[in-house]
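Please arrange chain B on chain A, whose structure you already have, making use of the hints.
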Amino acid sequence: MGAVELLEARGLWLLAGLAPLIVLYILKIRRQRVRVSSTWLWTAAQRDLLAKQPFRRLVAELPLLLQILALAALAVALARPASRGGKIAGDHVAIVIDTSASMGTASGPSGATRMTEAQRAAADAIASLEPGADALVIEGAKEARVVSPLERDLRHLRAAVEQLAVREVEGDLAPAVALAADRLRTLGGRRRIVVVTDGALAHPAPLAAAGMDVQVVTVGEARDNAAIVRVDVRSGTDAVTHRDQAQVFAMIENYAARPRDAFVTLTIDGRDEPAASRRLLVPPNDKAPVVLTFEPRREDEGLGLRLQIAPGDALPLDDVAYGRVPGGHKMPVTLASTAARSWFERALASDPDVDLQTITAAQLATVNVDPEALVIVEGACPPGIPGHDVVVVAPPPGPCFGIDVGGAVEQPQLTSWEAGDPRLRFLTLDGVHVARATPLLAPGGGASLVRAGTATLVADASIPGRTATLIGFDVGDSDWPLRASFVLFVRNIVELAKLHRAQGGAGPVRTGDPLRVAVPDGVAEVRVEGPGMPDHEVSARGGFAVVPAVERAGVYRVRWTAPHVGQVALVANLTSERESDVRPGSVAVEPGAAAGDARPRRNADAHHEWGVWVAIAAAFFLAFDVWWLTRRPRRSLVPTADRDQPARAA
Amino acid sequence: MTLLDPAFARELEALRRRLQVRARSGAGGDHLAKRRGGSAEFLEHRPYAPGDDLRRIDWLAFARTGEPVFKLFRAEEDVVVRLVVDGSASLETGSPTKMLSAKRLAASIGYLALAESERAQVLAVGEGLTRVNEPTRGRASLPKLLRDLDAIAPRGGTDLARAIDGVVQRSGRPGMLVIVSDFFDPGPFDRAVVRAAASGHDVALVQVLAEEDIEPGLDGDLALEDAETGDVVEVTVDARAIEAYLARLRALCDGLRALARRHRATYVRTRTGEPTLAAVRRFVARGID
Numbered sequence: 000m001g002a003v004e005l006l007e008a009r010g011l012w013l014l015a016g017l018a019p020l021i022v023l024y025i026l027k028i029r030r031q032r033v034r035v036s037s038t039w040l041w042t043a044a045q046r047d048l049l050a051k052q053p054f055r056r057l058v059a060e061l062p063l064l065l066q067i068l069a070l071a072a073l074a075v076a077l078a079r080p081a082s083r084g085g086k087i088a089g090d091h092v093a094i095v096i097d098t099s100a101s102m103g104t105a106s107g108p109s110g111a112t113r114m115t116e117a118q119r120a121a122a123d124a125i126a127s128l129e130p131g132a133d134a135l136v137i138e139g140a141k142e143a144r145v146v147s148p149l150e151r152d153l154r155h156l157r158a159a160v161e162q163l164a165v166r167e168v169e170g171d172l173a174p175a176v177a178l179a180a181d182r183l184r185t186l187g188g189r190r191r192i193v194v195v196t197d198g199a200l201a202h203p204a205p206l207a208a209a210g211m212d213v214q215v216v217t218v219g220e221a222r223d224n225a226a227i228v229r230v231d232v233r234s235g236t237d238a239v240t241h242r243d244q245a246q247v248f249a250m251i252e253n254y255a256a257r258p259r260d261a262f263v264t265l266t267i268d269g270r271d272e273p274a275a276s277r278r279l280l281v282p283p284n285d286k287a288p289v290v291l292t293f294e295p296r297r298e299d300e301g302l303g304l305r306l307q308i309a310p311g312d313a314l315p316l317d318d319v320a321y322g323r324v325p326g327g328h329k330m331p332v333t334l335a336s337t338a339a340r341s342w343f344e345r346a347l348a349s350d351p352d353v354d355l356q357t358i359t360a361a362q363l364a365t366v367n368v369d370p371e372a373l374v375i376v377e378g379a380c381p382p383g384i385p386g387h388d389v390v391v392v393a394p395p396p397g398p399c400f401g402i403d404v405g406g407a408v409e410q411p412q413l414t415s416w417e418a419g420d421p422r423l424r425f426l427t428l429d430g431v432h433v434a435r436a437t438p439l440l441a442p443g444g445g446a447s448l449v450r451a452g453t454a455t456l457v458a459d460a461s462i463p464g465r466t467a468t469l470i471g472f473d474v475g476d477s478d479w480p481l482r483a484s485f486v487l488f489v490r491n492i493v494e495l496a497k498l499h500r501a502q503g504g505a506g507p508v509r510t511g512d513p514l515r516v517a518v519p520d521g522v523a524e525v526r527v528e529g530p531g532m533p534d535h536e537v538s539a540r541g542g543f544a545v546v547p548a549v550e551r552a553g554v555y556r557v558r559w560t561a562p563h564v565g566q567v568a569l570v571a572n573l574t575s576e577r578e579s580d581v582r583p584g585s586v587a588v589e590p591g592a593a594a595g596d597a598r599p600r601r602n603a604d605a606h607h608e609w610g611v612w613v614a615i616a617a618a619f620f621l622a623f624d625v626w627w628l629t630r631r632p633r634r635s636l637v638p639t640a641d642r643d644q645p646a647r648a649a
Numbered sequence: 000m001t002l003l004d005p006a007f008a009r010e011l012e013a014l015r016r017r018l019q020v021r022a023r024s025g026a027g028g029d030h031l032a033k034r035r036g037g038s039a040e041f042l043e044h045r046p047y048a049p050g051d052d053l054r055r056i057d058w059l060a061f062a063r064t065g066e067p068v069f070k071l072f073r074a075e076e077d078v079v080v081r082l083v084v085d086g087s088a089s090l091e092t093g094s095p096t097k098m099l100s101a102k103r104l105a106a107s108i109g110y111l112a113l114a115e116s117e118r119a120q121v122l123a124v125g126e127g128l129t130r131v132n133e134p135t136r137g138r139a140s141l142p143k144l145l146r147d148l149d150a151i152a153p154r155g156g157t158d159l160a161r162a163i164d165g166v167v168q169r170s171g172r173p174g175m176l177v178i179v180s181d182f183f184d185p186g187p188f189d190r191a192v193v194r195a196a197a198s199g200h201d202v203a204l205v206q207v208l209a210e211e212d213i214e215p216g217l218d219g220d221l222a223l224e225d226a227e228t229g230d231v232v233e234v235t236v237d238a239r240a241i242e243a244y245l246a247r248l249r250a251l252c253d254g255l256r257a258l259a260r261r262h263r264a265t266y267v268r269t270r271t272g273e274p275t276l277a278a279v280r281r282f283v284a285r286g287i288d
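As you go down the protein sequences, you meet chains A and B in turn.
Residues 0 to 649 (numbering that gives the first Met the number 0) make up the first sequence, in order.
Residues 0 to 288 (numbering that gives the first Met the number 0) make up the second sequence, in order.
Isolated chain B (complex conformation):
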């Protein structure tokens, strides 16, 4: 199954203009940056302050009001959309696998970025950064992007905190940081997300869950084997155990939601059985699930 078939790409085409990136990247581009800059698009006036560039004083306004005012323009910059894809073994579960869903989501978001002449970069993470691909730009780079995604093979454990910190450290300038994972990581990755947001990254959290994660069809005395570590936990699964598990899962989701709210990030949660387009729609709406 290809990550992006032509029919799906056509549907994505309708969404490409709706992708908003709240990050500054530095290089000129089509995308309006959030920060003030020197593009042609006027943003607002402000009182002149010593040290301001005299070329930006609105002399006409000075003539009318007698007060020197300073013209501000929105900077036009291109944006690097960094697709941080969790390549740990836990994404190998589910039917279809969470890995496939994650890749399709990442491909969809990458397509939107490339279609908007932004740059897109695929980074595979597990217990840290496992694979860093060069950013690509333009529609012509889509095949490379898809190859980069295809090359991610799920294996090993998860250390999102280390991985996110690694991405942030390697980023010369901030951009859009899309983290696609199931977030089954007991480590404190939320601080890494905070650090990324503080560095100017426009963070988006995309959580991919399998049906069995949400509705575990387990019963009786079981030895649960961790897909990542191979650790075995003996559990007697009954209604109460499932309730307790779901409570923990809800707490994880609630934590991600709260994290996104606090740092103006995007949080999209999807399940493997859900159509990818529906998740992409929520993503471009930059909502919080």
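If we strip away everything but chain A, and leave its shape as in the complex, we get:
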């Protein structure tokens, strides 16, 4: 049986009643006054008694002692003492242990983490398996993983639990519970799923395990924590010196009831001295943005950036975030167009932050295009377009980036557009007239950005790791370029491309997600190296290499040597508001899944509550006290011979 803990510690406030009880005792003693010849002998007799029986005073105050015991027992009963590790009913038990980042939260002054507590709770659960029962251990982080198959050998189960470690990823227990339910479904007998978690989950969906008992064991106590919940690195220009400047935007959130005074420090990989540092006071239960800037050197481009808040707190994992030193603030844009005077060229040329390269569509395969460039192709949809973000304007009929380009239609009326898409922010297409267009048939219709009735005129053809936009008409066949919305649209796609460029071309990568790295066409394999990940080879195809889920935050380097040498640095961060909120949380269980004891609240987590027994003990103390106070008065127990002795001697 595990240590006893109090589920409702507020019940101990009842102990405050001890003070008035004792005061009442002091006040209530009204002794009958009796006149005797001399108190000298009585005083001496009392001294004798105390010397012989030191506990006599306690016996004399037995009613008070009993009432104190009764009150204390009642207070403890109200505090709901419970022990973990009670007998777990079930022939087959699946133990799901949360290993998400929040489980790394320090749980006490001893340095133990919630993971340690979870392992202890799991060990208790294993120890309390019924004879003959078997169990399996499943790790639940972002993905579910079976750590130990169904096993009766308790040593193996304990060893499987002990080798678990905290992963720097968001938690989602639903897949783990589903996996556990799936493993137990085909088995006969009683089946039970025991989930050990701290309740801080990025995906707190109710746990579902149809027809099975789900028992949630919550570990960890409330702790103050502050975290970097968002980080963004951009390149810009210093307003005074007009020199290139790296700008790191970060959002610090304080999950505590008191303000957090912290230093936010930025360092570049391989450098000891910080590149920038700011002191920040974050209000209680609030966020505060911070911007750190520095002037990167040319050789710094692509190096990793480490952003850290200090001093540390209960959860160190979210005190650090990573970025990448961005390139120059000018965005490389390659325009492949057959038009003599493209409207896009005019719009891009007027943007001082754009480094424009103008080529023809046929030159795309031969000209060296910056792999991080925004490529705009007009009137063609060639395969293997280089660069990163792509905009294809007026593609010819046929497939293009997975979208079918249909036949031409005349005078389509723009009816709606996705104003929430970053490419269409801050603009309106009201009054834009298109003379001729080729509707885009996106599978499922979900990628439609601008519509003309049921036809899609602008579609999102993005694939993981690369943003692609298809415009189904030549902007020259419309009055759009004459409107401000066209300039804003061009500006939006350039800004989006800048963001992707700053992020290394893979977009914002969260730990626990796979890395999709855009590589030049023809690259068949890349080598990947990162924190906790030894240098290893990953195959690439179709201009992409997919690195399996990264589990640690940091800077990952992807290198390739053929057909030519190149490399890219990618950054993965935890930045999860739910994981960083390490205050007590609850885990819901779908009603259908919980038989009788699948209760998500912490106060029902313990395996066995002792409150009833403690309350019975309190009642016993009270009953004994009543008996003691109402018992028959004692008569003098001095034997007659003893009493007569002084006189008899006479």
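These aren't lab readings, by the way, just hints derived from the structure by calculation.
Beta carbons are placed, not taken as given, at the ideal position from N, Cα and C, and that holds for glycine.
One should not assume that every hint holds.
Claimed, not checked - Facing chain A, according to a computed beta carbon distance under 10 Å, are these residues of chain B, among others:
#, residue
1, Phe69
2, Ala88
3, Ala209
4, Glu211
5, Leu223
6, Val236
7, Leu245
8, Leu248
Unchecked claim - Facing chain A, a subset of chain B residues (Cβ under 10 Å, in silico):
#, residue
9, Glu91
10, Arg130
11, Glu133
12, Arg136
13, Phe183
14, Glu233
15, Ala246
Showing chain B alone in chain A's frame:
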């Protein structure tokens, strides 16, 4: 209730000859003194020593033996029986009160002394000597003796040591020192008794206890008020407490008994319910209870 009614006095009359006093007082009297002296009652011979009174040489014995021997006679002296009665408030307890029993005992002993033509003196003590009456002599003085005893009113505390020392200092010559008290005195009065015995007094300790002193009918949480000082002691009285109290009382009695044995004194212990005559009988027997 009178201290001595005629019937009781008649019973005492039978005891008067039995009262032995082991003290020297100095003035001639009916009582044979312990010390050697010049009365007519021959005591013993001893070898002559230079300086002896030649008139006391037994010339007949010298004629027979050729050795000068000296005749010794027992001195005949009267005895002052000093009745030291404890007049502290503690004697007011009991039913009948210890005071009454003490007075009756003292009156009985005084009667025996007066009947034997000895002198009797009543001294009331509390926290010292509180009242000193003139010694009286002869049966005719009995009413005065009884008045002196009647005049003792129980009040105040007890300091027997101071009282006994005071009596001894005021005594021109030793006599019989009868101390009637409950001896509930935490002070070291035994040394005063020793000093009195050493001064030649024939000491008699008469302890008067109430029934409630011997069998305290107490139970439960009580505040015991001291009859003498008014001090209050909070006691939870149960069987063990009573046992401890009785052990202390036995120790007090044992101490008095040992004191009497060491100094050839008399020790009589009586309880208020006991007939006075029984206690007087033990007193005149000069025993140790």
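Outcome of the hint check:
| no. | hint | result |
| --- | --- | --- |
| 1 | Phe69 | violated, 45 Å |
| 2 | Ala88 | holds, 9 Å |
| 3 | Ala209 | holds, 7 Å |
| 4 | Glu211 | holds, 7 Å |
| 5 | Leu223 | holds, 5 Å |
| 6 | Val236 | holds, 8 Å |
| 7 | Leu245 | holds, 6 Å |
| 8 | Leu248 | holds, 6 Å |
| 9 | Glu91 | holds, 9 Å |
| 10 | Arg130 | violated, 21 Å |
| 11 | Glu133 | violated, 31 Å |
| 12 | Arg136 | violated, 31 Å |
| 13 | Phe183 | holds, 4 Å |
| 14 | Glu233 | holds, 6 Å |
| 15 | Ala246 | holds, 7 Å |
Hint violations for this structure: numbers 1, 10, 11 and 12, all remaining hints satisfied.
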